[in-house]
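Enquirer: Just so you know, the sequences run in chain order A and B. Using this note's numbering, the first residue of the first sequence is number 143, and each one after it goes up by one. Using this note's numbering, the first residue of the second sequence is number 5, and each one after it goes up by one.
Keep in mind the hints are simulated off the structure, nothing from the lab. Keep in mind the model is a prediction, meaning the values are calculated, not measured. Misleading hints may appear alongside valid ones.
Said to hold, decoys possible - Among the chain A residues that face chain B by a calculated CB cut under 10 Å, a handful are:
| # | residue |
| --- | --- |
| 1 | Leu-257 |
| 2 | Gly-270 |
| 3 | Val-271 |
| 4 | Phe-341 |
Unchecked claim - Chain B stretches covered by chain A per the calculated footprint, using a threshold of three residues with CB under 8 Å from any CB of chain A:
| # | stretch |
| --- | --- |
| 5 | 27-36 |
| 6 | 45-53 |
| 7 | 240-252 |
| 8 | 266-273 |
| 9 | 284-296 |
All C-beta atoms in this analysis are idealised placements derived from N, C-alpha and C, irrespective of residue type, glycine included.
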Amino acid sequence: MTTLTRPARPTAPPGEGLGRRIARRAPWWGVLLLLAVLALVWVYPFVWMVSASLKSSLEVFTAGLTLVPEDFAWENYSRAWTDANFGRYMVNTVILTVSTVVIVVVRCALAGYVLGRYRFRGQKLIIGVLVATLFVPTGYTIIPIVKLSMELGLLNSLTGMVLALSGAANVSAILIYAGYFRQLPKELEEAATVDGAGFGRVFFQIMLPLSMPVTATVALLTFLATWNAFFLPLVFSFSDPDLRTLSVGMQAFVGENATDWSGMAAAGVISILPIVALFLFLQRYFVEGIAGAVKS
Amino acid sequence: MAPTELATTGRRKRGIDTRRQTIWIWAFLTPTIVLYGLYTLYPIVASYWYSLVEWNGFSSSQRFVGISNYQAVLADPAFWSSVRITLVFMLLVAPARILLSLLLAMLLNSPKLPLRNLFRTVYFLPVVTTTAIVGVVMQFVFDPASGPFTAFLKALGADTGIDFLGDSGTALVTAAAVYVWKFFGITMVYWLAALQTVPTELYEAARIDGAGAFHIFRYVTLPLLVPFLLIITVLTVEDTFHAFDLMQTMTGGGPFFSTEIIEIYIYRWAFSASIPQLGFASAAAVLFGLFVMVVGALQAWALVVARRSRKDLS
């Protein structure tokens, strides 16, 4: 990499031959090619899934590496949506995800605000407990959660799933909120208090609107985690298939119709499309939210 | 309003405020205390109780049996096999994710690279997709009869398909590779965030001093990345303990238990056995929790030691 030994020159110097210019840039073209090949490998499973979802069941078996279907078999989608119940699973997933996001954002904003901005007795204990349980895996807590939900009469309901998911996740969200509220200037609430605003009004009219960037991040990360959740919805919907989410429904579909590859692929596209579309629209927030975990 | 009047009401108000403030503070904490208490703290504690009882299903009664569940779990070769598989999985996945994504992040961090935002999007894409669905799709991608991966190998000249997920010799490595692919983008974004903290003047200074690309990496970038390396390692290693979604949907722990990580072992005894052994599964869950905590504590300790030695140097 001889270019690095010289000060950066954006354009080729006069008198530099075409051959030298190509030679100088060759490493970059190599890197670019490598990255492009890797990128193809990266998206291939999704491209294959979309292609398989439009092929006939027979063609999926025989087509090999051909990605373009002979005839577009759109009926795979109607089969997945109605016969395999993915319409229902979609509704469940949307209800589950939206409710969980709302609850998590509200409770984490409230807790993060007082933990980050006030000093009170018991504060250190709460923060200590939260940090200590930051990495608790679902596999560890799932048995008591099921038992508890059963005793509360919430095992076979979406409400039970929403409560369990919004109670189990997101210590990091509280810590992100706490960190954000801590660094806001003190004058903000002093001015508001002089104007006669109480504790609640300061939070809802000044602090919460100011925390929009954090809220966007927390909402997106919670959305992602809940939409993709599997372990908890799987266990909660054992005895009632009508409560399955997309990810659980997909597994059940494969268990029941192991030969219906094209229907399976259509169901997969239905399940993944909304979250991929959301990501493409809001990718800056997704990426910044995840990057924030390391910077802070 | 006279100035004195304002001062007294202000003082009185402040007196009420501290009491009121305490009420407000605990009111704000209530949702978290209730939800997190019920669905995270209580289960952690309750697991210990459940691990000490014999209990064959959520409706049946529990009988206190002391530590015999622990004795049974520790005497079960399948449990130790699942511990080993969890560790091997971690050792396969974590270094690959951490080092390869650093390499890629450094390339994608270069402002001279065309299309770098497109590449970032593409490499991050698998992260947002549903793991359980990826697991199912991978069953078909690696299908030995007509899956696209087999077709690709045949096009390259291989004569027969290898059953990558169906052979107990290759299943774990294949699952690890899929896991690396799936979550590679997160680690890459961590690294991109870390690289952004390296001041560009340092690079320029090093270049003017005549340092080559390798020397710049070795003496400028790497030392500045060490604290991030530690944090990213902690996050990535913890992440590998959450492989249930992918494993359950891709291999179900098979073939012949060759991909049975601890979470699947717990799941099998608690939810998919014909006679559930919830006390036994709880004992395994408690041991798993301790295992994760020990790994976490070791890493936290490494972080502290590293911080201290950095302070000593400066």
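Enquirer: Compare the structure with each hint and give your call.
Expert: Hints and how they fare:
Hint on Leu-257 (chain A) holds. Least Cβ distance to chain B is approximately 8 Å, under the 10 Å limit. Nearest Cβ of chain B to the Cβ of Gly-270 (chain A): about 12 Å, over the 10 Å cut. The hint is violated. Below 10 Å, beta-carbon pairs count as interface contacts, and Val-271 (chain A) has one with chain B at about 7 Å; its hint therefore holds. The interface hint given for Phe-341 (chain A) holds, since its Cβ lies 4 Å from the closest Cβ of chain B, which is under the 10 Å cut-off.
Here's how the stretch 27-36 of chain B fares: 6 of its residues keep a CB closer than 8 Å to some CB of chain A, so the rule of at least three is met and the hint holds. Note: the stretch 45-53 of chain B has 6 residues with beta-carbon separation from chain A under 8 Å; the three-residue rule is met and the coverage holds. Counting residues of the stretch 240-252 of chain B whose CB lies closer than 8 Å to any CB of chain A gives 6, which reaches the minimum of 3, so the coverage claim holds. Under the rule that three or more residues need a Cβ within less than 8 Å of chain A, the assignment of the stretch 266-273 of chain B holds, with 4 such residues.
Counting residues of the stretch 284-296 of chain B whose beta-carbon sits less than 8 Å from any beta-carbon of chain A gives 7, enough to reach three: the coverage restraint holds.
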